[in-house]
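Q: Take the sequences, apply the hints, and build the full model.
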Amino acid sequence: MGAFALGVVTTVAILSTRDAESLTPGPRNTTPPQLADTARFVAHNEHIQAGLVFPRDSVLLRNPYEGNADAAATGAKLYVAYNCVDCHGADGSGAMAPAFIDGRWHFGGSPAAVYQSIYEGRPDGMPAWGGLLDRASIWRLVTYVRSLQQGKDVATENFTGKTVERTGH
Amino acid sequence: MRRAIAGLLLLAACTAKDQSADRGGAGAAGPTGARIAAPRTGPANEWPMPGADYANSRYSELAQITPANAANLRASWTFSTGVLRGHEGQPLVVGNTMYLVTPYPNVSYAIDLTTPGYPLKWKFRPENAQAAVGIACCDVVNRGAAFADGKIFYNLLDGHTVAVDAATGRQLWRTRMGDIKRGETITMAPIVVKNKVLVGSSGGEMGVRGWLAAIDVASGKELWRGYNLGPDKDILIGPRFKPFYAHDRGTDLGVTSWPGESWKIGGGAAWGWLSYDPELNLVYYGTSNPGPWNVAKRPGDNKWTASILARDADTGELVWAFQVTPHDMWDYDAVNENILVDLPINGTTRKALVHFDRNGFGYTIDRATGEVILAKPYVSMNWSTGVDMATGRPVLVKEKMTNAAPKVKDICPSLEGGKNQQPAAFSPQTGLFYVPTNNLCMDWETREVAYIAGTPYIGAMAPETAGPGGHRGEFIAWDATTGTKKWGIKEPYPVWGGALATAGGVVFYGTLDGWFKAVDASNGKVLWQFKVGSGVVGNPVTYVGPDGKQYVAVYSGIGGDMGLLIAGDVAANLPYDVRERGSTLPDLARWTSWGGMLFVFSL
Numbered sequence: 001m002g003a004f005a006l007g008v009v010t011t012v013a014i015l016s017t018r019d020a021e022s023l024t025p026g027p028r029n030t031t032p033p034q035l036a037d038t039a040r041f042v043a044h045n046e047h048i049q050a051g052l053v054f055p056r057d058s059v060l061l062r063n064p065y066e067g068n069a070d071a072a073a074t075g076a077k078l079y080v081a082y083n084c085v086d087c088h089g090a091d092g093s094g095a096m097a098p099a100f101i102d103g104r105w106h107f108g109g110s111p112a113a114v115y116q117s118i119y120e121g122r123p124d125g126m127p128a129w130g131g132l133l134d135r136a137s138i139w140r141l142v143t144y145v146r147s148l149q150q151g152k153d154v155a156t157e158n159f160t161g162k163t164v165e166r167t168g169h
Numbered sequence: 001m002r003r004a005i006a007g008l009l010l011l012a013a014c015t016a017k018d019q020s021a022d023r024g025g026a027g028a029a030g031p032t033g034a035r036i037a038a039p040r041t042g043p044a045n046e047w048p049m050p051g052a053d054y055a056n057s058r059y060s061e062l063a064q065i066t067p068a069n070a071a072n073l074r075a076s077w078t079f080s081t082g083v084l085r086g087h088e089g090q091p092l093v094v095g096n097t098m099y100l101v102t103p104y105p106n107v108s109y110a111i112d113l114t115t116p117g118y119p120l121k122w123k124f125r126p127e128n129a130q131a132a133v134g135i136a137c138c139d140v141v142n143r144g145a146a147f148a149d150g151k152i153f154y155n156l157l158d159g160h161t162v163a164v165d166a167a168t169g170r171q172l173w174r175t176r177m178g179d180i181k182r183g184e185t186i187t188m189a190p191i192v193v194k195n196k197v198l199v200g201s202s203g204g205e206m207g208v209r210g211w212l213a214a215i216d217v218a219s220g221k222e223l224w225r226g227y228n229l230g231p232d233k234d235i236l237i238g239p240r241f242k243p244f245y246a247h248d249r250g251t252d253l254g255v256t257s258w259p260g261e262s263w264k265i266g267g268g269a270a271w272g273w274l275s276y277d278p279e280l281n282l283v284y285y286g287t288s289n290p291g292p293w294n295v296a297k298r299p300g301d302n303k304w305t306a307s308i309l310a311r312d313a314d315t316g317e318l319v320w321a322f323q324v325t326p327h328d329m330w331d332y333d334a335v336n337e338n339i340l341v342d343l344p345i346n347g348t349t350r351k352a353l354v355h356f357d358r359n360g361f362g363y364t365i366d367r368a369t370g371e372v373i374l375a376k377p378y379v380s381m382n383w384s385t386g387v388d389m390a391t392g393r394p395v396l397v398k399e400k401m402t403n404a405a406p407k408v409k410d411i412c413p414s415l416e417g418g419k420n421q422q423p424a425a426f427s428p429q430t431g432l433f434y435v436p437t438n439n440l441c442m443d444w445e446t447r448e449v450a451y452i453a454g455t456p457y458i459g460a461m462a463p464e465t466a467g468p469g470g471h472r473g474e475f476i477a478w479d480a481t482t483g484t485k486k487w488g489i490k491e492p493y494p495v496w497g498g499a500l501a502t503a504g505g506v507v508f509y510g511t512l513d514g515w516f517k518a519v520d521a522s523n524g525k526v527l528w529q530f531k532v533g534s535g536v537v538g539n540p541v542t543y544v545g546p547d548g549k550q551y552v553a554v555y556s557g558i559g560g561d562m563g564l565l566i567a568g569d570v571a572a573n574l575p576y577d578v579r580e581r582g583s584t585l586p587d588l589a590r591w592t593s594w595g596g597m598l599f600v601f602s603l
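Chain order of the listed sequences is A and B. Numbered by this note's numbering, the letters in the first sequence go through residues 1 to 169 in order. Numbered by this note's numbering, the letters in the second sequence go through residues 1 to 603 in order.
For the record, the hints were derived by calculation from the structure and aren't laboratory data. Treat the hints with care, as some may be off.
[Unchecked claim] Some chain B residues judged to face chain A by a derived CB distance under 7 Å, without partners named: (1) V133; (2) G134; (3) I135; (4) T455; (5) I458; (6) M461; (7) R590.
[As the list claims (entries may be wrong)] Negatives, chain A to chain B, calculated, CB over 10 Å: (8) R62; (9) P64; (10) Y65; (11) A69; (12) G131; (13) K152.
C-beta atoms are modelled at their ideal positions from N, C-alpha and C, and glycine is treated no differently.
A: Structure, rendered in structure tokens:
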């Protein structure tokens, strides 16, 4: 329990420090790190557990780029540069990791929730990017990722009356 | 021609006589003169190894089920594994106990076959890091366990190998073999050779550096590890290394066939099936694709990715290697199984290894030397016009090279290959191989990629469509002595489950849309089929129960690489949903749903 409390405090501290940086829009570093640099950046936080309460500070977690097409376009580049694309699929169609197009947000679809997922990582192997990406870059990714949603989750899928050509059998 | 046939018959008669005297059964050559090279030594009523025997034949001597009575097959009992992801792999049956391993979290079960209701003898839930789920490229599958010395051995997705007491379910040892922080997971089924458990890594899409390793059965201590890429000393290349082809010879080719230090993150994993020839004391396996898929990053042959390797089982020394697809630019791994058979070819018996590569060629190879005896397409292909028999290298079609243009259209087969992990079976009775295949083509678009440890290292995308004919899969019978297809059963979806051949003359396989089928081994006539609970990506096995009856068991449970999109939707607290993977698997959601179930059939 103590370790958890400390973790939350640390997270808040990092956010506060980074807040100043985000005043200057533009990714701090859009060039992906080279081989030698990477080990210290990427941690798959196996200790992150579902249900950990992230500080929901509405001021800290408001997307400065909400609806900003330029930010989304930069976010699309970051999405490729940081290999998001190979897990979540081109255009967010999903693959090794969940899709973004179907309205099923496993950990919440609000800007703050998506930010949190990118920052903290998720228990099924989503890396914790908070140690690698600056705040502005994460918000640009949030803007892009949320723009991929094509509709709300559909409760009913009715297959009757559909004709799909099938060969074989 | 006639003389050749007479010679074959004579040879067959001699071989059959030699073998039946001491081994009988699966060791005997059939009427075609073909025989399994390393037949099982234990009772025919068990299923003791992932591939039935060291040869990976997936053949059983059991013969109660025949073409005449297969129509009377019925479901005897079922068992839910409690896990919903892709159930590749197969049960083991040893001494009236069935052993199962599930996909992540890799729970194992021992089922008592002697008691009505089939109660569990034990259940083992290993410690297994959850983060591994997102590091596995192609669903969180596990391809099964090995049994030896009263122990069950299997791999955990998070890079560990465990040994479990087969009687009690108690963990005996747990050895860390891979590192998920560097993209390494383990999904393959180990085999045990003498005192060693042999294990290989997954992660060809994650910038790993692939390896095969041996672990001491008793202690769990690593005894040797041979990398598939890098300097000769790491690969365990020494004076015994004699590749058949000149271009495969040289010093440190695992370094010099790569730019800079890119071999350190060049893929070449070993996630497929292992075979073993006790007479030659060689272990055979295939290596995965080179990484990344973006070929601009890695000019050169990229040895020893997309290769078949033969190692000394005691020392790990590499004895020969054959690079099936040099400088693979289509994600055509060579991980598919190598089936060890002695085949009559042109009047002589060849110690063969038969390998249906992702690249679409069915190879018959001399397993002592690595010489390609023949290589013929077993599926539709357009990326190569054939294999140059002087060099063993495929002859490329320029416009189907993935760097021919930023976007290359209609390459066949697709990156899933003419077949993939779904293992073929061999029957010495018919001399035929029964091969579950894909019929898919792809477009290819290359994009930039940078290496970030623990994330994918790919740099391309390759949407797939149905191949010529519109069907997406076909179950075929193949004659590896001539490289010809004997018959085929077209399927609407890729046949992602393995095959089982039996002495009764019946062959079994399951489909992605959930049909489990019994087929006449001689002509491909479907004798019986049953709609199981979920699509089949597992491999059928057969055994005799304590009641003396022959049973056939298979996992149902859709997933695997063919379930990529399906897998992407899964979290423990969400409703499950089979989703169609773009144009690759249209309408699939209508025909099947998630579910991890063992189905067991009998007459």
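Q: All the hints need checking, so say for each whether the structure fits it.
A: Verification of the supplied hints:
Annotation: B:V133 was flagged as interfacial toward chain A, and the flag holds, the nearest CB pair being 4 Å apart, inside 7 Å. Interface restraint check: B:G134 against chain A, minimum CB-CB distance 2 Å, threshold 7 Å, status holds. The restraint placing B:I135 at the interface with chain A holds, with a minimum CB-CB distance near 5 Å, inside the 7 Å limit. Taking 7 Å as the C-beta cut-off, the interface hint given for B:T455 holds, the closest approach to chain A being about 4 Å.
Taking 7 Å as the C-beta cut-off, the interface hint given for B:I458 holds, the closest approach to chain A being about 5 Å. With a least beta-carbon distance of about 5 Å to chain A, the hint placing B:M461 at the interface is held under the 7 Å criterion. The interface hint given for B:R590 holds, since its Cβ lies 4 Å from the closest Cβ of chain A, which is under the 7 Å cut-off. Here A:R62 stays apart from chain B, with its beta-carbon at least about 27 Å from theirs, past the 10 Å limit.
Interface exclusion of A:P64 from chain B stands, the closest Cβ pair being 25 Å apart, more than 10 Å. With 10 Å as the threshold on Cβ separation, the claim that A:Y65 sits away from chain B holds: the shortest Cβ distance comes to roughly 23 Å. At the 10 Å boundary, the C-beta of A:A69 stays outside the reach of chain B, the nearest C-beta of that chain being 22 Å off. No beta-carbon of chain B comes within 10 Å of the beta-carbon of A:G131; the shortest separation is about 12 Å.
In this structure A:K152 is separated from chain B by more than 10 Å, as the shortest Cβ-Cβ distance comes to about 15 Å.
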